[in-house]
Structure formats: C-alpha cells, structure tokens
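Protein chains: 2
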Amino acid sequence: MFGEFNLIDKYFSARQAQRKDVHLTLGDDCAIVKAPDNVRIAISTDTLVAGTHFLPEANPAWVAHKALASNLSDLAAMGATPAWVSMALTLPHIDEAWLEPFCHAFFELANYYNIQLIGGDTTKGPLSITLTVQGFVPQDKVLLRNQAKVGDWVYVTGELGDSKAGLDVILAPEKRQEPFAAELEQRHYLSTPRILAGQALLNLASAAIDISDGLISDLGHILHQSQVGVSLDVNCLPMSKELRQFAPSIQVAQQYALTSGEEYELCFTVPAQNKGTLDSALAHCGTKVTCIGQIRPQGVFELLNNGQKLDWALSGYDHFKEVK
Amino acid sequence: MFGEFNLIDKYFSARQAQRKDVHLTLGDDCAIVKAPDNVRIAISTDTLVAGTHFLPEANPAWVAHKALASNLSDLAAMGATPAWVSMALTLPHIDEAWLEPFCHAFFELANYYNIQLIGGDTTKGPLSITLTVQGFVPQDKVLLRNQAKVGDWVYVTGELGDSKAGLDVILAPEKRQEPFAAELEQRHYLSTPRILAGQALLNLASAAIDISDGLISDLGHILHQSQVGVSLDVNCLPMSKELRQFAPSIQVAQQYALTSGEEYELCFTVPAQNKGTLDSALAHCGTKVTCIGQIRPQGVFELLNNGQKLDWALSGYDHFKEVK
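In the order they appear, the protein sequences are chains H and P.
Per UniProt numbering, the first sequence starts with residue 1, numbered consecutively.
Per UniProt numbering, the second sequence starts with residue 1, numbered consecutively.
Keep in mind that the hints were calculated from the coordinates and are not lab data.
Because the structure is a prediction, the values reported are computed rather than measured.
Careful: at least some of the hints might be erroneous.
Pairs involving identical chains hold if they fit within one copy or between any two copies, as the list cannot separate such chains.
What the hints assert, rightly or not - Taking lysine to any residue and the SDA-like style, the derived pairs with C-alpha atoms no more than 25 Å apart in a straight line are:
1) K10 x F301
2) K20 x N146
3) K10 x T52
4) K34 x N146
5) K309 x I94
6) K149 x D37
7) K124 x P56
8) K309 x G261
9) K124 x A172
10) K288 x V300
11) K34 x Q147
Next comes chain H alone, as it looks inside the complex:
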C-alpha cells in the first residue's frame, strides 16, 4: 500500500457522481449504503489480470472500460439496474500517466450508468483490477439461466465475433495496417453493457446470460441448467462488416461468432408468445437483437446452414455436447 489516502483522494473521490442511497463512501472502514425496500440486490465480481486478460501495455482507458463493462454486463444479464461498485486495484508502482486515463475512463462509464464507486483497496503487486458491482432487481423478477423451454426462440444482442478478431489483431502486429484493424481492436476492449436491454427483457425473456466465454460455451450453460437442447442457424449470426473483411471465409467468420469470448452481448431465450412484442419492447434501447435459433428437447444440438447440419469442432463445443 502506498500513500493510499492521497491516491484515493486525487484519482477517485473527486470524480464521483453522488447517489442518494450512498450514505458513506471512501474514507472510513466500510462504505454504508441502503437498498430500496422493494428490491433484491444482484452482485457480481470479476478480475482482470495483466498478461491474462489484457496486455500490460494496453491503453489504460480501454482497460478501465473493459473492467467495468464486463462487470456491468453481468448485471445486464440479470436485468439489474446498476447501483454501486467496489474496486480493488493492484499496481506495481504509482504511475500517474497510467492512472489518469484509467480513472477518467472508469468514471466516464460509471457516471453514464449511474453506478457509484463506494470503496476499494489499492495495493502494490502485479497489475490487476477486481470489481464488485451491485445492482437492483425487482423482488419477483430476475433473468436466470435455468428457465428456457422447448420452443423458445434464441436471440443475441449486437454483433458477434469482433472481440476474438480484435484479439487476433492485437497479437499479430502485421495485421494492424489492415482497414478493419483499428475497429476490431477497439471492439475487443470497448463493449457496450446491455443494461437497458436486460431490464426490458425482465418481462419477456425466459433465460439470459452474457457472452463472456463464447456463444457456444455460454449458451451451453443455459441449456445445461434448463435441461434443454438447441438448434442454431449459422446464417442468422449477426456479424460486423469488419469481421467479414477480417475473416478469410464466411465459415471462419461464423466460427468466430460462435466462439468469440469477451463479447459482453446478451444471449437470451424468448417464449413464442412474446416474440411479437420483443422489437417494440427493446425499441428504446437502441440495441439490435437477432434471432439465431430455437430451443429443442434435451439431447438435441444442431448447427444448421440452410437446413443442412454442420459438424464443426468448435471451442466450447465439448461442454455443449456434455448436455446430450
């Protein structure tokens, strides 16, 4: 720990949006907050480690965005409204040139989503960031993973595959001159937490998860916990024009869309009777959603291309197959 109090004052305390439900924040042994009486609290913790989740030389503003956005994405997947965040920041040394853009980006995103930093710890050690985010869900509603039913439609928000393609660009400097490179690299770091979409889905979706390990792998958790199967049409996968430019073939692009982790889009299932109202319910979010398949009985797992079954060996696929 190094001059912790000055560090907190300089970089953190001054930039806070102040929520009315935060009664005490940085500067005592604990923060003190109060949740509304009629809500439950959704809590998630995620760690980003330099060298594992981002390159140590990565843009600190992008690292801050990724750390908070990936946590907010967990709240989105429950339909929760963000409220409070705690930060544990471990740094090899005090580097103001790193901290300044890191904190600027962190509070820009935090203030946009009205989530307040209520406490944390700064320690000396290998660079890593652990955030614990908290949000509110209605007492009687929450998006779970185990309520998908046979016949429900499978949707995703946004576009898939860019994060993995962006990582390829980051790790292969010779690709950085390509016209799609800058866009894909940014998309690896700068995802958009689907908070509004998650809230709107509370009334419509039967199950939801955020895509952190890859569509196949994360949808696999819904299938496993709901004891169902799925049929996906790879021609329906939403993909960016940059991913299409990056990938040598449409099949490679589709495989990226199926397996790319750290997308932080939502994958969710919708009962047939709610399908008609989905677009209007999500209209205010500005978030594109795409139907990519349908829930089938347990044991069925089909990847279809114009009605033909594909037998691609994909990362996350093993986990999927275990469901059979």
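Since the structure of chain H is already known, use the hints to place chain P on it.
Then chain P, alone, in the frame of chain H:
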C-alpha cells in the same frame, strides 16, 4: 480462467452455510440477495497479494484466515453484522494441495461468523485474494471515525504489537527456535475479528477504527477526521508475554504496540458517561479492552510515560503530526 465451474463446485459450493437472505448464489451471472428493510449495508474490499501481504510459501490456511479476518475486522469497526462475501481468487495454476487447506480454513471462519460466500471469480495470474464483505448496521447507528470528542477515553481491544513481532520472526529464520516464535508467527496471520465487540460498541463508542496500519497511524485517522488531539500512556498499552520476551526492552515492546500493523484489533473512543458501563456491555464478547489514553484538543499529541512526555520517532507519527 481454468475449468472455473468445476473448481467452484469442488471447493466452494459444497461447503456453504445457507443464509435465508441469499436467493441465488454461485452459478449464474450474479448472486441475488435481499437485505432486511430496516438496515443499511456496510461494504468493504481488501486485497492480499503474495509477496506484498504474505509470503508465497505461507500456510494457505493462515492466508485464508488472514484474508477473511482482515475484511471482517472492517465490518467490526463499523459495528456491522456480517452477511455476505464475494471472493476474487487469482492463482498461478490449480494447486489442490494449496486450495484444500485454503478453502477449509476460509469456510471454517466464514461459517463461524455466519457470512456466506455468494460469488466470485477465479482467474489465472500471480497469487492474490480480493474479498468484498457486506454486513448490516442499524439505520440510525454506525461507528464512524469523525465523532471523537475532547475528553473521550481511548481504548483498544486485545493486545498490540504481536503482528509486527510475528512478521520479524517470519522474516528471520534464526528467531524461529525461540520459545515465543510459534505464537507470534501465528498471531501475525490468525487475528480474531472483533465483531461482537463492534456491535456492543454501537451504543457506547463515539468513534472506532480497526488497526490495520498501526495504532498511531489508524488513531491518526480518528484524530484527523474528528479534529481532535490525544494523550496516550505507553504504560497502559496491552501487550502479550510473548512480545515482552521477544523485545529487548520494554520500550521496544511499547514501540511495537504503537506501530504494529495488521493487528485487526479495534481502537475506539468512549465518552466519559459511558465508561462505567463498558465492561458490562462487553462482558458477553470475551474481548479484553484497555484504556490507553484520552482525547485532547486538536493540536495536542502526547505520548506519556509515568507523566513524562516521550519524543519517540515512530512510523505513522508524521501523519499524526500533520494533525497539529
């Protein structure tokens, strides 16, 4: 991340005490909990990094105890009742010989204090543990740092100085054969969170803090935030017989008691009218408390030995002097 789900199942899910206010725990995007309507929530985050806060070869059971006890100590310093904890565990590789005793000790302490592990993240990287603990405080009562008044008496729980002496033993193998060595080494890792004492003090103390950086340094935060000074009698400092055996003189032992960090005892101030009821109010806790001084007007900082002022140059003292 490595086989996160199996890891969580094997080491974490099965050992849980189940609280009624935890509606969903490990295995979805977020945990879902509900606080009672009539409480506020106290939240604290602390990180332990291998090489900074403990030796990488330290007994994993002791590391787990230290990680949770130091966080619980922050709840104790607010008078909070423990409820939920999230764990971010970063490991260089899966080492079952390390994880097994770590988890055993973690849940032993967690279950004792009825605090439930509600979620977390396991990542690959340099060994570190970040915990976020949450507890409840009454709506209208909490122990703060900024309410000490001139004339209040200054108390500490337990005994002081052992943690620093224990660290000396750990770092100086030649001392490990001394009769006091094993006891001091354990006390460096195995503090007792003063949860019951903190709760009892809600009705009696004017200010409280837990001793993580050293008595002088942490009491300095109370003085600074309360805008007061202090007079301490070094002859009153509670010290163990092992510390007396370890230290070459009584003065060295007293200096250890004044500066030893990671003690996780409480330092608190009590208005004169509550002094008489303190012992009976704390009787059920089994926690010794000792009066070590009195709050003075801002600008006064006295270390006394039989009425004589001392002018020791101590770690944390500079911070103290800034108050003047």
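Hints and how they fare:
1. K10 x F301: neither (53 Å within a copy, 28 Å between copies)
2. K20 x N146: The answer is between: 21 Å across copies meets 25 Å, while 34 Å in one copy does not.
3. K10 x T52: between (29 Å within a copy, 23 Å between copies)
4. K34 x N146: between (30 Å within a copy, 21 Å between copies)
5. K309 x I94: Neither: 55 Å inside a chain and 38 Å across chains, both beyond 25 Å.
6. K149 x D37: neither (32 Å within a copy, 35 Å between copies)
7. K124 x P56: both (15 Å within a copy, 15 Å between copies)
8. K309 x G261: Result: close within a single copy only, 24 Å intra versus 64 Å inter.
9. K124 x A172: between (31 Å within a copy, 23 Å between copies)
10. K288 x V300: neither (28 Å within a copy, 64 Å between copies)
11. K34 x Q147: between (30 Å within a copy, 21 Å between copies)
Hints 1, 5, 6 and 10 from the earlier list are contradicted by this structure; the remaining hints agree with it.
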